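**Q** Between the sequences and the hints, there should be enough to build the whole structure, so can you do that?
Protein chains: 2
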Amino acid sequence: MGDDYPLNISSLLRHAALNFPHTEIVHRRIDGSWGRTDYAGLMQRVNRLAYALDSLEIGAGTMVGVLDWNQLRHLELYNAVPGVGATMLQLNLRLAPADLMYVVEHSNAEWVFVDESLLPVAEGLADKVDVKGWIVMTDKPSSEISTTLPNVHFYEDLLTDQPEHPEEYNWQFIDEDTACYAGYTTGTTGRPKGVLYSHRSMYLHTLGLISALKIDYLDCVMPVTPMFHAVSWGFPQAAVGAGTKIVLPGRFTADNIGFVAEAMVDEGVTVANGAPSLFAPILESIRKMPEAPDLSSTRLVSGSTEPPLSLMKGFAELTGANVIHGYGASETSPLVTYNWRLKPELADLPVEDKWDLKRYQGVPILGTEVRIVDPEGNEMPRDGKSMGEVVIRGPWIATSYHKLDDSAERFIEGWWRSGDVGVITPEGYLKLTDRLKDVIKSGGEWISSIDMENAIMDHPKVLEAAVIGVPDEKYQERPVAYVVGRDGAEVSKDEVYEVLTGRFAKWQLPDDVVVTDQLPRTSVGKLDKKLLRSQWSEA
Amino acid sequence: MGDDYPLNISSLLRHAALNFPHTEIVHRRIDGSWGRTDYAGLMQRVNRLAYALDSLEIGAGTMVGVLDWNQLRHLELYNAVPGVGATMLQLNLRLAPADLMYVVEHSNAEWVFVDESLLPVAEGLADKVDVKGWIVMTDKPSSEISTTLPNVHFYEDLLTDQPEHPEEYNWQFIDEDTACYAGYTTGTTGRPKGVLYSHRSMYLHTLGLISALKIDYLDCVMPVTPMFHAVSWGFPQAAVGAGTKIVLPGRFTADNIGFVAEAMVDEGVTVANGAPSLFAPILESIRKMPEAPDLSSTRLVSGSTEPPLSLMKGFAELTGANVIHGYGASETSPLVTYNWRLKPELADLPVEDKWDLKRYQGVPILGTEVRIVDPEGNEMPRDGKSMGEVVIRGPWIATSYHKLDDSAERFIEGWWRSGDVGVITPEGYLKLTDRLKDVIKSGGEWISSIDMENAIMDHPKVLEAAVIGVPDEKYQERPVAYVVGRDGAEVSKDEVYEVLTGRFAKWQLPDDVVVTDQLPRTSVGKLDKKLLRSQWSEA
Chain B
1 MGDDYPLNIS
11 SLLRHAALNF
21 PHTEIVHRRI
31 DGSWGRTDYA
41 GLMQRVNRLA
51 YALDSLEIGA
61 GTMVGVLDWN
71 QLRHLELYNA
81 VPGVGATMLQ
91 LNLRLAPADL
101 MYVVEHSNAE
111 WVFVDESLLP
121 VAEGLADKVD
131 VKGWIVMTDK
141 PSSEISTTLP
151 NVHFYEDLLT
161 DQPEHPEEYN
171 WQFIDEDTAC
181 YAGYTTGTTG
191 RPKGVLYSHR
201 SMYLHTLGLI
211 SALKIDYLDC
221 VMPVTPMFHA
231 VSWGFPQAAV
241 GAGTKIVLPG
251 RFTADNIGFV
261 AEAMVDEGVT
271 VANGAPSLFA
281 PILESIRKMP
291 EAPDLSSTRL
301 VSGSTEPPLS
311 LMKGFAELTG
321 ANVIHGYGAS
331 ETSPLVTYNW
341 RLKPELADLP
351 VEDKWDLKRY
361 QGVPILGTEV
371 RIVDPEGNEM
381 PRDGKSMGEV
391 VIRGPWIATS
401 YHKLDDSAER
411 FIEGWWRSGD
421 VGVITPEGYL
431 KLTDRLKDVI
441 KSGGEWISSI
451 DMENAIMDHP
461 KVLEAAVIGV
471 PDEKYQERPV
481 AYVVGRDGAE
491 VSKDEVYEVL
501 TGRFAKWQLP
511 DDVVVTDQLP
521 RTSVGKLDKK
531 LLRSQWSEA
Chain Z
1 MGDDYPLNIS
11 SLLRHAALNF
21 PHTEIVHRRI
31 DGSWGRTDYA
41 GLMQRVNRLA
51 YALDSLEIGA
61 GTMVGVLDWN
71 QLRHLELYNA
81 VPGVGATMLQ
91 LNLRLAPADL
101 MYVVEHSNAE
111 WVFVDESLLP
121 VAEGLADKVD
131 VKGWIVMTDK
141 PSSEISTTLP
151 NVHFYEDLLT
161 DQPEHPEEYN
171 WQFIDEDTAC
181 YAGYTTGTTG
191 RPKGVLYSHR
201 SMYLHTLGLI
211 SALKIDYLDC
221 VMPVTPMFHA
231 VSWGFPQAAV
241 GAGTKIVLPG
251 RFTADNIGFV
261 AEAMVDEGVT
271 VANGAPSLFA
281 PILESIRKMP
291 EAPDLSSTRL
301 VSGSTEPPLS
311 LMKGFAELTG
321 ANVIHGYGAS
331 ETSPLVTYNW
341 RLKPELADLP
351 VEDKWDLKRY
361 QGVPILGTEV
371 RIVDPEGNEM
381 PRDGKSMGEV
391 VIRGPWIATS
401 YHKLDDSAER
411 FIEGWWRSGD
421 VGVITPEGYL
431 KLTDRLKDVI
441 KSGGEWISSI
451 DMENAIMDHP
461 KVLEAAVIGV
471 PDEKYQERPV
481 AYVVGRDGAE
491 VSKDEVYEVL
501 TGRFAKWQLP
511 DDVVVTDQLP
521 RTSVGKLDKK
531 LLRSQWSEA
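From first to last, the protein sequence lines are chains B and Z. Each step along the first sequence adds one to the number in the UniProt record's numbering, with nothing skipped, and position 295 is 295. Each step along the second sequence adds one to the number in the UniProt record's numbering, with nothing skipped, and position 29 is 29.
There's no promise every hint is true.
One-sided excerpt, in silico: chain Z residues whose CB lies under 8 Å from chain B [stated by the list, open to error]:
1) Gly2
2) His15
3) Ser198
4) Pro395
Over 12 Å on every C-beta distance to chain B, these chain Z residues come out as not near it, computed from the model [to be verified]:
5) Ala60
6) Ser211
7) Asp266
8) Gly268
9) Leu366
10) Trp536
Covered stretches of chain B (in silico footprint by chain Z; criterion: 3 or more residues with CB under 8 Å from a CB of chain Z, positions within the stretch not fixed) [stated by the list, open to error]:
11) 3-9
12) 15-22
13) 336-347
14) 385-399
The set of hints was computed from the structure by calculation and includes no laboratory data. Because the structure is a prediction, the values reported are computed rather than measured. Glycine is no exception: its CB is placed at the ideal position from the N, C-alpha and C atoms.
**A** And the structure:
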C-alpha cells in the first residue's frame with residue numbers, strides 16, 4: 001500500500017510548485033527592500049541550486065552549515081539541501097563563538113553558506129574550523145564583497161553558472177531515515193547538544209502542524225521564529241506543504257520590528273510563530289496603527305516561554321488574533337502540545353478561568369504521547385495536581401543526541417525526558433510548573449518554585465521573586481524565597497506568608513525570606529537559580 | 001528522530017481516549033434507538049474486545065471478516081482488530097453472493113463478525129466457505145437469536161466473559177507495514193480485486209484527511225458512506241484521530257434516510273461523507289424541516305460520482321453547507337483530490353464558472369502525486385485541454401492487488417493506473433472526462449464520450465444520450481451517438497450536429513446518430529456501453 005514510497009521533506013516544494021505555482025512568496029532583503037516570487041519561481045531556483053550543490057559534490061552524507069536570517073535563499077536551502085540527500089545544519093548565530101565553533105566541528109560540517117551581513121561571524125570562525133569552503137549569499141555583484149574567508153564561492157554565481165536545462169533537476173527519492181536537518185540545543189549548561197531530524201520525522205511533523213493549525217492554501221504564513229533554530233518550529237515546511245503564501249521578514253530585532261508588524265497586516269498574514277518577546281513589540285506596533293486591523297482569522301503560535309495574559313488579551317481585543325501557546329523543544333521537532341481552542345466540555349468556565357487556561361501548554365497534537373512521571377518513571381495521575389517530569393515519545397521525538405555517548409539518561413525506553421515538571425488536568429491540558437532542576441523536593445513531595453514565585457509577586461510590595469530549594473537534613477530540601485521589593489520596599493516574612501496562605505499548605509511555606517536588591521540572571525535573561533543556590537550555601 | 005516509532009492506526013483511539021475521554025459518540029442501533037458513549041467508554045469496550053480476540057486466537061496474520069452497517073461495534077472492530085495485529089476484511093454486503101463467497105475464500109478469512117440483521121447473508125455463505133467460526137453482534141440476549149450458522153459466538157458474551165482487569169489491555173506496537181484492513185473492489189468486469197491497507201498507509205491517509213478537511217475536536221463527524229466499503233473513505237479514523245464527536249447512523253437506505261438528516265442537524269454534524277445518491281434525499285429531508293438549519297461550517301464530502309450542481313447549490317443556498325467533490329478509489333485509500341475552496345487566483349471568475357469549477361475533481365491533497373499520461377505513459381501538459389489517463393502514486397496508493405498475478409498492467413513503476421481519463425487545468429484542478437475504456441480514440445486523438453453526451457443532452461428534444469467508439473479502419477475508432485428522444489420525440493442527425501457545432505471540431509462529430517427507445521444499463525444503473533458496442537458490431 002505505497003509503503004515503499006518514502007516520506008521526503010523536499011517533496012513538499014515539488015507538490016507546491018506543481019499545484020500552487022502562482023502562489024506568492026514575499027521576502028525582505030538585507031537592504032530592507034521587498035521582493036516577490038511564487039512557487040514556480042522558487043522551484044526554478046531550487047532546481048538550479050541542486051545543480052550547484054552537485055557541482056560542489058554536496059550530496060548524500062554531506063553536512064552543510066547555514067548562517068542566515070529568515071530570507072529567501074534560506075528557504076531555498078531548506079529545500080535543495082535535503083533534496084540532494086545532504087543535511088542542512090542550522091547555525092544559531094546567537095551562540096557564543098566558542099559554541100558555534102564546537103557545533104561546526106562536532107557536526108563535521110563541510111561547507112557553510114553565509115549571508116553577507118553575517119560575514120564577520122563566519123570570518124571569526126574560519127581559522128578555527130576545518131571546512132572545505134564558504135558560499136556567500138548576497139544580492140550584490142561578487143566583486144563588491146571583500147572577505148578574509150578562504151575558498152569562497154558566491155551563491156548567485158553558482159546559480160547562474162548551470163548547465164543547459166537548469167530548471168529540470170532529476171530529483172531522486174531519499175531514504176526517509178536520512179537526516180535532512182541538524183540543529184544544536186542552546187543549553188545553559190555544558191556544550192550544545194546535536195539533534196538530527198530525519199526526512200520521515202520532519203514530514204510527519206509538517207503534516208501534524210498543518211492539521212493542528214488548519215493551514216491551507218488560503219492562508220498566508222510568516223515564520224517569525226528564526227529559521228536558524230529549531231527548524232523555525234516547522235513553519236516554513238508547513239507553509240510549503242500546504243501551498244500557502246509566505247512572507248519572509250528577513251533580518252529584524254525586537255527593537256526594530258515595526259516593518260514586520262506592517263507586513264503582517266499588509267500582506268494578510270494568517271499564521272505566524274514567535275516568542276512573546278517578539279509578539280509583544282509587534283502588538284505595540286499594531287497599537288500605533290491609525291486603524292486596528294482585523295486579524296480574526298490569524299493564529300499566532302507563541303512558544304519558548306509562557307505568553308503573558310496581557311499579550312493574549314491585547315491581540316484578541318485589538319485585532320481578534322488568537323495567540324496559541326505551544327510547547328516543544330529542539331529535541332521534539334518541536335511541536336508537542338498546543339492550546340488551540342477550549343474543549344467544548346469547558347464552555348461553561350468563568351471567563352477569567354478560560355483566560356487562565358489559555359496560559360497552559362495545552363493538549364498533545366496527534367502523534368505525540370505525553371506523560372508525567374515520578375523519579376522512578378511511574379506514570380502520575382492526570383488530576384491537575386500531581387506533579388511529574390514531562391516525558392514524550394512519538395514519530396518526531398528524538399531518541400538520542402548526535403554523537404553523544406552520555407545522552408542515555410535523557411532517553412528512557414523510547415521516551416525523551418524533557419527536564420520540565422508539570423501537571424495534566426483531567427481534561428487533558430498540560431501545564432508546566434517548573435524545571436526539574438528548580439522544583440523543590442521536600443519530604444518526598446514536590447513544590448513548584450514557579451507557582452510560589454507567581455503567588456509572592458501578587459503582593460503589591462513585591463517586584464520580583466525567586467524561590468529555590470536549599471539542602472535540608474530532615475526533608476532533603478526546603479524552600480527559600482528571594483524577594484525584590486517594589487521601589488526598594490522592605491518585605492517581611494509575614495507579608496510573604498500572607499499571600500501564600502490558602503494557596504499553599506503550611507509545610508510548603510518557605511523557611512526563609514531574603515530581601516535583596518536584584519536577582520541574578522543568565523546571559524539570556526533567565527533567573528540564575530544555580531547561582532542563588534550556591535550563594536545560599538556559601539552564606 | 002523517532003524513526004523506530006511505528007505509525008499504528010490503532011494508536012488513534014488511544015490518543016482520543018487519553019486526550020478526549022469525555023467527547024461523545026452517538027450511535028443508532030438496529031432497532032432504531034439511539035445510544036451514547038464517549039471515547040473513554042469506547043476504549044473500555046475495545047480493551048475487552050482485544051481480550052476477546054486473544055481468546056479466539058485472533059492475532060498477527062488473522063484475516064477477520066465483518067458484515068455490518070455503520071454501527072458502534074463496527075467502530076470497535078475498526079480499532080481492536082488492527083490493534084491485536086490482525087487484518088479487518090470489509091465485506092461489502094451489496095456484493096452478489098458469488099462475489100462475496102469469492103472474497104471470503106480468496107482473502108482466507110478465518111472468522112466473520114456479522115450483525116444480527118445480516119444473518120441471512122452470512123447463512124447463505126456459511127456452507128460454501130471454510131471459516132473457523134462466526135461471531136454474531138446483537139443487543140438481544142444470545143438465547144433469542146436463532147441461526148443456522150455453525151461455530152457461533154456472541155460478541156457481547158465475549159466482551160462480558162473477560163479476565164479480572166479487562167479495561168487494561170497491553171497494546172503492543174505493530175510493524176507499520178502490517179495490513180490493518182483489507183477490501184475488495186466492486187469491478188463491473190471480472191472478480192473483485194483485493195487491496196490491503198497497511199497501518200502506515202492508513203495512518204498517513206488519516207493525517208491527510210484531517211488536514212485536508214481541517215477537522216479538530218470541535219467538529220462532529222458522521223460517516224454516511226458505508227463502513228464496509230473503502231474504509232468509509234477514512235472518516236471514522238479521521239474522527240477518532242482528531243478526537244471529534246462521532247454520529248454513527250446505523251442502517252439506512254436512500255429511501256429511509258430522514259432520521260439521518262435529522263441527526264445531522266440535531267447533533268451538530270460538521271463533517272460527513274456520501275455519494276450524491278445519499279446526499280440528494282438528505283437535502284430533500286432538510287427542505288421539509290420547519291426551519292432551514294444553519295450548516296455553514298459543515299463540509300459534505302461527495303464522492304463516487306460527480307455531484308449535480310443542483311445538489312451543491314441546494315445545500316449552499318438552503319443551509320450554507322459546502323459540498324466538496326472528492327476523488328479516489330479503493331486502490332487509493334481513497335482520498336486523492338478534493339475540491340476544497342476556490343484558489344485565490346480564481347476569485348474573479350464569473351459566478352457560474354465558479355460553480356462549474358466546483359464540479360471538478362479538484363486539487364491533489366498533500367502526499368498524492370497525480371499525472372495524466374498518454375498511452376505510452378508520457379506525461380501530458382496541464383493545459384486544461386490535453387486528455388490523458390489519470391495515474392497516481394503516494395504513500396497511501398496501492399502498488400499491487402492482493403494475490404493477483406495479472407495485476408501488473410494496472411501498476412506502472414509505482415504509479416496506479418486509474419482507468420479514468422481527465423485533464424488538469426493550469427491552476428492544478430483535475431477534471432475527469434471519461435473512463436479509458438469509453439473514450440473514443442480517433443485518428444490518434446481522444447474524444448470524450450461524456451462531454452459529447454452532456455452536450456447532446458442540452459438539446460431540448462433529447463432525454464438521454466450515449467456516445468460510443470466503433471471500430472474504423474482508417475481512424476481506429478469513430479464516435480456514434482445513441483439518443484433517446486424526450487416523450488418519444490424523433491431527433492435528427494442535423495439537430496444533434498446543431499448542438500455540437502462550436503463545442504466540438506468537425507472531425508469529432510459522430511458518424512451516426514441512432515434514435516432508440518431506451519439505453520441499456522448495468523445492474524448498478526450505469527450506462528452499459530460494452531453492450532452498446534457489441535450491439536453496433538452485430539448490426
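**Q** The structure should be examined with respect to each hint, and the outcome stated for every one.
**A** Structure-based check of all given hints:
For Gly2 of chain Z, the interface hint holds, since its Cβ comes within 8 Å of a Cβ in chain B; the closest pair sits about 5 Å apart. With its C-beta approaching chain B no nearer than about 6 Å, His15 of chain Z sits inside the 8 Å limit, and its interface hint holds. A least Cβ separation of about 4 Å between Ser198 of chain Z and chain B falls short of the 8 Å threshold, and the interface hint therefore holds. At about 5 Å, the closest approach between the beta carbon of Pro395 of chain Z and any beta carbon in chain B falls short of 8 Å, and the interface hint on this residue holds.
Listed as a non-interface residue, Ala60 of chain Z keeps its Cβ farther than 12 Å from every Cβ of chain B; the least gap is roughly 17 Å. Annotated as non-interface, Ser211 of chain Z brings its C-beta within 12 Å of a C-beta of chain B; the closest such distance is 4 Å. Taking the minimum C-beta to C-beta distance to chain B, about 16 Å, the non-interface status of Asp266 of chain Z holds against the 12 Å cut. Some Cβ of chain B comes within 12 Å of the Cβ of Gly268 of chain Z; the nearest lies about 10 Å off, and the non-interface call is violated.
Interface exclusion of Leu366 of chain Z from chain B breaks down, the closest Cβ pair being 5 Å apart, not more than 12 Å. The beta carbon of Trp536 of chain Z sits about 40 Å from the closest Cβ of chain B, which is more than 12 Å, so the claim that it is off the interface holds. Requiring three or more residues with a Cβ within less than 8 Å of a Cβ of chain Z, the coverage given for the stretch 3-9 of chain B holds, as 4 such residues are present. Proximity of the stretch 15-22 of chain B to chain Z, defined as three or more residues with a beta carbon under 8 Å from a beta carbon of that chain, is established by the 6 residues found.
Requiring three or more residues with a Cβ within less than 8 Å of a Cβ of chain Z, the coverage given for the stretch 336-347 of chain B holds, as 5 such residues are present. Coverage of a stretch by a chain is defined here by at least three residues with a beta carbon nearer than 8 Å to that chain's beta carbons; for the stretch 385-399 of chain B and chain Z the count is 7, and the condition holds.
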